[in-house]
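My request is simple: use the sequences and hints to build the entire structure.
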Amino acid sequence: VIAIGDFNVKAQDWNSRQLNPSGAALRRFLENTADVVAIGPIEPTFDGQGRFAPDVLDIALLKAIPAETDITSHHEGSSDHNPVLLTVGDPTPQGDIIVKRNTDWANFRAEMQRSTAIPRIETTDDLEAAVVSLETDIRTALERSTTETREVRQANYIGEIPLEAQQLIRDRRAARRRALRSGAPEHRRTANQLSRRTQKALKTRRRPVPPLHGEQGIVHTNRDKAEAFADSLELQCRENQLDDEHEEHTALVERRARQIGQTPEDEE
1 VIAIGDFNVK
11 AQDWNSRQLN
21 PSGAALRRFL
31 ENTADVVAIG
41 PIEPTFDGQG
51 RFAPDVLDIA
61 LLKAIPAETD
71 ITSHHEGSSD
81 HNPVLLTVGD
91 PTPQGDIIVK
101 RNTDWANFRA
111 EMQRSTAIPR
121 IETTDDLEAA
131 VVSLETDIRT
141 ALERSTTETR
151 EVRQANYIGE
161 IPLEAQQLIR
171 DRRAARRRAL
181 RSGAPEHRRT
191 ANQLSRRTQK
201 ALKTRRRPVP
211 PLHGEQGIVH
221 TNRDKAEAFA
231 DSLELQCREN
241 QLDDEHEEHT
251 ALVERRARQI
261 GQTPEDEE
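So the sequence shown is numbered by full-length UniProt numbering: it starts at 1 and just counts up by one.
Honestly, the hints are just simulated from the structure, not real lab data.
Errors might be hidden in some of the hints.
Claimed, not checked - Ranges between beta-carbon positions, derived for each pair:
| # | residue 1 | residue 2 | range |
| --- | --- | --- | --- |
| 1 | Asp224 | Asp6 | 47 to 57 Å |
| 2 | Glu151 | Gly5 | 37 to 47 Å |
| 3 | Asn222 | Ala106 | 42 to 52 Å |
| 4 | Leu163 | Ile98 | 23 to 33 Å |
| 5 | Glu227 | Arg189 | 42 to 52 Å |
| 6 | Gln12 | Thr72 | 12 to 22 Å |
| 7 | Arg51 | Gln12 | 15 to 25 Å |
| 8 | Gln236 | Val1 | 53 to 63 Å |
| 9 | Ala3 | Arg51 | 44 to 54 Å |
| 10 | Gly5 | Ala34 | 18 to 28 Å |
Beta carbons: idealized from backbone N, C-alpha and C, even for Gly.
Encoded structure:
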């Protein structure tokens with residue numbers, strides 16, 4: 001069981017500045033409970049405000065977690081509480097395993113010519129045996145002609161963010177650390193301004209529209225893409241073209257409707 005948040009419990013055991021009554025009660029509980037622990041990050045999770053100094057308020061309570069754990073505070077977001085990240089298990093970053101295969105098709109053809117013979121097929125059993133033999137020869141030749149390499153792909157999202165937004169993120173982190181250390185109002189204002197600018201930069205970012213295939217072929221410029229969209233909408237929104245059979249049917253229905261409308265009603 002894992003619970004993370006601001007539980008209003010302070011104690012030096014989980015890196016808070018001081019001990020409060022709730023923290024003392026939790027510490028006594030932990031001393032008498034074997035499978036429950038409380039951990040807090042080294043850096044403050046609360047930036048401080050007014051007469052309240054920066055402190056560790058957000059902690060994690062763990063019950064029966066056998067794996068290694070680590071909790072860190074991050075200078076992100078616009079709240080006075082920093083988000084915390086709890087890592088459970090091996091902290092070593094693991095990326096996806098990419099398997100790259102390269103087949104030498106010339107060698108594959110040579111292997112097939114060397115190992116494959118055309119059998120004599122007279123019965124159904126002969127045909128089934130020939131199919132199994134051919135499949136085995138193909139797999140064997142492919143294995144002998146293919147080299148395999150494995151690479152670890154590390155997650156890298158920095159290229160997905162514009163350079164201007166990357167610099168704003170770095171400036172915001174530095175400003176929040178400076179405001180946390182000094183507590184000066186002007187430093188807090190600067191940090192808040194950078195947070196708003198960063199949020200705006202990330203929200204207004206748009207992915208470019210890839211090349212489109214229009215009536216004139218592949219188009220790349222914004223003007224040509226707009227024309228391609230317009231042509232597509234024009235084709236989708238035009239009126240249905242009815243053939244002669246439908247027109248004759250419509251005319252027949254209209255004549256019958258007029259005849260019915262002209263027929264006098266039966267007198268009671």
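Results for each hint:
Taking 47 to 57 Å as the suggested C-beta distance range, the pair Asp224 and Asp6 conforms, at roughly 54 Å. Taking 37 to 47 Å as the suggested C-beta distance range, the pair Glu151 and Gly5 conforms, at roughly 39 Å. Here the CB-CB span from Asn222 to Ala106 is close to 46 Å, well matched to the stated 42 to 52 Å. For Leu163 and Ile98, the hinted distance range of 23 to 33 Å is satisfied, since their beta carbons lie about 27 Å from each other.
Distance hint check for Glu227 and Arg189: the Cβ-Cβ separation is about 48 Å, which falls inside the suggested range of 42 to 52 Å. Hint check: Gln12 to Thr72, Cβ distance near 18 Å, so the stated range 12 to 22 Å holds. Under the hint 15 to 25 Å, the C-beta atoms of Arg51 and Gln12, about 21 Å apart, fit the expected range. In this structure the hint that Gln236 and Val1 lie 53 to 63 Å apart at CB holds, the actual value being about 54 Å.
Evaluation of the 44 to 54 Å hint for Ala3 and Arg51 yields a failure: the beta carbon distance comes to about 29 Å. Distance hint check for Gly5 and Ala34: the Cβ-Cβ separation is about 23 Å, which falls inside the suggested range of 18 to 28 Å.
Violated hint for the displayed structure: number 9, the only one.
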